[in-house]
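Colleague: Using the working numbering, the first residue of the sequence shown is number 1192, and each one after it goes up by one.
It cannot be assumed that every hint is accurate.
Below, simulated EDC-like cross-link-like pairs (lysine to aspartate or glutamate); rule was C-alpha separation at most 20 Å, straight line [as the list claims (entries may be wrong)]: (1) Lys1262 with Glu1295; (2) Lys1262 with Asp1233; (3) Lys1203 with Asp1274; (4) Lys1210 with Asp1274; (5) Lys1262 with Asp1289; (6) Lys1210 with Asp1231; (7) Lys1292 with Asp1231; (8) Lys1292 with Glu1259; (9) Lys1242 with Asp1231; (10) Lys1203 with Glu1218; (11) Lys1242 with Glu1207; (12) Lys1242 with Asp1274; (13) Lys1293 with Glu1259; (14) Lys1242 with Asp1289; (15) Lys1262 with Asp1231.
Keep in mind that the hints were calculated from the coordinates and are not lab data.
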Amino acid sequence: ASEAQAEGLLSKAALERVKEHIRGRLEIGVSLGALAALLDMDPYAFLRAFKRSTGVTPHQYLIRARIEHAKQMLHLTRLPVTDIALRCGFASPSHFADTFKKVERRTALEYRNCCAV
């Protein structure tokens, strides 16, 4: 077994495969079971290994990836924030607004006004 496996970590290749899968499904999300199946792992063993490897759960990684994608869209487009929220996979604009402010410590509009072109 590799050193990473011995420590309960995912290999770099496995981790990148999972992250890419998550980033490719921001709008629809992905289940823990589906992610574990990508690597032919038990869901709970996968959850532990992902968290040990990244410091966050797969769900937390998904939320952060959605926020990063939203920031890109705020920066590069003039789409309304409500459209961006839905395109990034948030259940509602209010959930997006709450999550964005919690993560970024400012609203999406404040981010757009400050950081967009």
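Colleague: Next step is simple, just say for each hint if it's right about the structure.
Modeller: Hints, verified against the model:
For the suggested pair Lys1262 and Glu1295, the alpha carbons sit about 10 Å apart, so the restraint of at most 20 Å is met. The straight-line distance between the Cα atoms of Lys1262 and Asp1233 is roughly 33 Å, outside the 20 Å bound, and the hint therefore fails. About 34 Å separates the Cα atoms of Lys1203 and Asp1274, which puts this hinted pair outside 20 Å; it is violated. For a cut-off of 20 Å, the pair hint linking Lys1210 to Asp1274 is broken: about 24 Å separates their Cα positions.
Note on Lys1262 and Asp1289: the hinted pairing holds, with a Cα-Cα distance of about 14 Å set against a maximum of 20 Å. The straight-line distance between the Cα atoms of Lys1210 and Asp1231 is roughly 16 Å, inside the 20 Å bound, and the hint therefore holds. Taking the CA atoms of Lys1292 and Asp1231, the gap is about 36 Å. The hint is violated against a cut of 20 Å. Restraint check: the Cα-Cα separation between Lys1292 and Glu1259 comes to about 13 Å, which is no more than 20 Å; the hinted pair holds.
Among the hinted pairs, Lys1242 with Asp1231 is consistent with the structure: their alpha-carbon atoms are about 17 Å apart, no more than 20 Å. Pair hint Lys1203 plus Glu1218 does not hold up; C-alpha atoms about 25 Å apart against a cutoff of 20 Å. Taken as a hint, the Lys1242 and Glu1207 pair is honoured in the structure, with Cα atoms around 14 Å apart against an allowance of 20 Å. A hinted pair counts as satisfied when its Cα atoms are at most 20 Å apart, and Lys1242 with Asp1274 does not qualify at roughly 31 Å.
Pair hint Lys1293 plus Glu1259 holds up; C-alpha atoms about 13 Å apart against a cutoff of 20 Å. Annotation: proposed proximity of Lys1242 to Asp1289 is violated, straight-line Cα distance about 24 Å (limit 20 Å). Taking the CA atoms of Lys1262 and Asp1231, the gap is about 33 Å. The hint is violated against a cut of 20 Å.
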